[in-house]
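Which chain is which? The protein sequence lines are F and R, in order. Per my numbering, residue 1 is the first one in the first sequence, and the count goes up by one each step. Per my numbering, residue 1 is the first one in the second sequence, and the count goes up by one each step.
Check each hint, because a few of them may be wrong.
Note: identical chains are not told apart, hence a pair may lie in one copy or across any two.
[Claimed, not checked] Calculated cross-link-like contacts (lysine to aspartate or glutamate; reagent style DMTMM-like; alpha-carbon spacing at most 25 Å):
#, residue 1, residue 2
1, LYS23, GLU40
2, LYS24, GLU149
3, LYS24, ASP13
4, LYS160, GLU87
5, LYS23, GLU53
6, LYS160, GLU149
7, LYS160, GLU53
Hints were generated in silico from the structure; no laboratory data involved. Computed from a predicted model, the values in this text were never measured in an experiment.
There are 2 protein chains.
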Amino acid sequence: MELPSTHLQNASDQIATLPGIGKKSALRIALNLLSRNKEEVEAFLKAIQGMKENVRFCSTCHNISDDLECSICSNPKRDNETLCVVEDVRDVMAIEATGTFKGKYHVLGGVISPMDGVSPKDLNIETLIQRVEQGSIHELIFALSPTMEGDTTNYYIFKKLKDHSLVVTTLSRGIAIGSELHYADELTLGRSFQNRQPYHGAK
Amino acid sequence: MELPSTHLQNASDQIATLPGIGKKSALRIALNLLSRNKEEVEAFLKAIQGMKENVRFCSTCHNISDDLECSICSNPKRDNETLCVVEDVRDVMAIEATGTFKGKYHVLGGVISPMDGVSPKDLNIETLIQRVEQGSIHELIFALSPTMEGDTTNYYIFKKLKDHSLVVTTLSRGIAIGSELHYADELTLGRSFQNRQPYHGAK
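Assemble the whole structure, with the sequences as input and the hints as a guide.
And the structure:
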């Protein structure tokens with residue numbers, strides 16, 4: 001579909017580069033922005049520019065932050081001995097939303113994936129090893145996605161740290177709470193049998 | 001979910017105001033923009049700003065245009081006697097993509113919808129009546145959505161123009177080409193019976 005304006009075309013093409021936005025949605029979004037008044041569009045652009053200019057990555061854990069150190073790393077109430085390794089800042093937010101983890105994080109910024117050209121040196125693995133070498137960490141929790149790439153990354157880090165006396169754990173896999181047994185895939189159901197837990201009666 | 005940076009939060013909130021983008025998608029888009037290099041983000045912002053500053057609306061038909069008059073209105077090969085009334089610039093693009101219509105357009109900018117606070121004076125109806133009053137238009141084609149609001153708008157314009165000698169038509173409704181009969185809704189199937197066409201054999 002040919003657009004009647006090159007400026008509209010440019011904006012629409014740029015919007016279509018965003019994740020999850022196709023050509024039709026991009027045009028819809030461009031026309032929506034076009035129909036807004038000048039101040040609204042300026043606020044929109046300024047918010048993105050402000051984010052790009054001001055957001056930093058925590059120098060310790062690589063989580064997103066407004067300051068040099070993120071609010072989790074600088075919180076004295078958080079447990080310094082437990083470190084949770086995640087792929088992405090969104091994983092930090094998801095785990096924080098559960099309210100169950102009181103330790104600190106290390107954001108890798110991805111997982112090892114030779115297919116996508118992501119090698120260990122593209123990830124924040126070196127700084128993770130440095131944190132472990134400082135000696136205060138007692139337990140390392142792998143919370144990467146249960147994919148081939150996630151497992152590869154777990155194993156790579158595990159091997160790198162094998163000379164340190166660390167408890168290394170990984171999140172439990174099993175049937176999701178509230179889901180029906182017969183909808184679970186074979187791998188998950190199989191794993192949940194292997195890792196079955198003692199039953200303590202109703203809680 | 002609380003975001004770890006107010007700048008990220010602002011950008012994410014602004015992105016979530018776009019049509020079809022929820023909170024989770026907005027965060028995904030914000031993080032994607034954050035991971036891009038500076039030049040890419042600048043090009044993105046510039047394209048939207050450029051669109052907002054430079055796109056005009058054709059003074060005749062209200063279609064989107066880079067110039068004072070759009071490429072359709074200023075095209076001497078287009079038929080001046082046939083005017084197609086549409087709701088939105090996207091409808092112009094969709095009809096142009098069919099390649100079957102050689103007349104000109106008039107973009108209303110919406111349909112009459114008291115529920116959404118859209119009254120006739122919010123739409124480009126006055127300029128439509130002026131174009132008809134200039135006398136060169138022979139046929140007016142209503143190509144609005146087949147909704148209550150679209151029908152109301154058709155009827156409003158029809159009444160306003162009843163003293164002019166105009167052929168007024170509307171797009172045919174019926175079973176979509178390539179779709180199966182038993183999937184058509186009752187209204188559409190009923191209408192396609194009422195408006196059945198003479199059969200001319202294979203074309």
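Hints, one by one, checked against the model:
no. : hint               : verdict
1   : LYS23 with GLU40   : both (23 Å within a copy, 19 Å between copies)
2   : LYS24 with GLU149  : between (32 Å within a copy, 23 Å between copies)
3   : LYS24 with ASP13   : both (10 Å within a copy, 22 Å between copies)
4   : LYS160 with GLU87  : within (18 Å within a copy, 63 Å between copies)
5   : LYS23 with GLU53   : between (28 Å within a copy, 22 Å between copies)
6   : LYS160 with GLU149 : within (17 Å within a copy, 66 Å between copies)
7   : LYS160 with GLU53  : neither (35 Å within a copy, 54 Å between copies)
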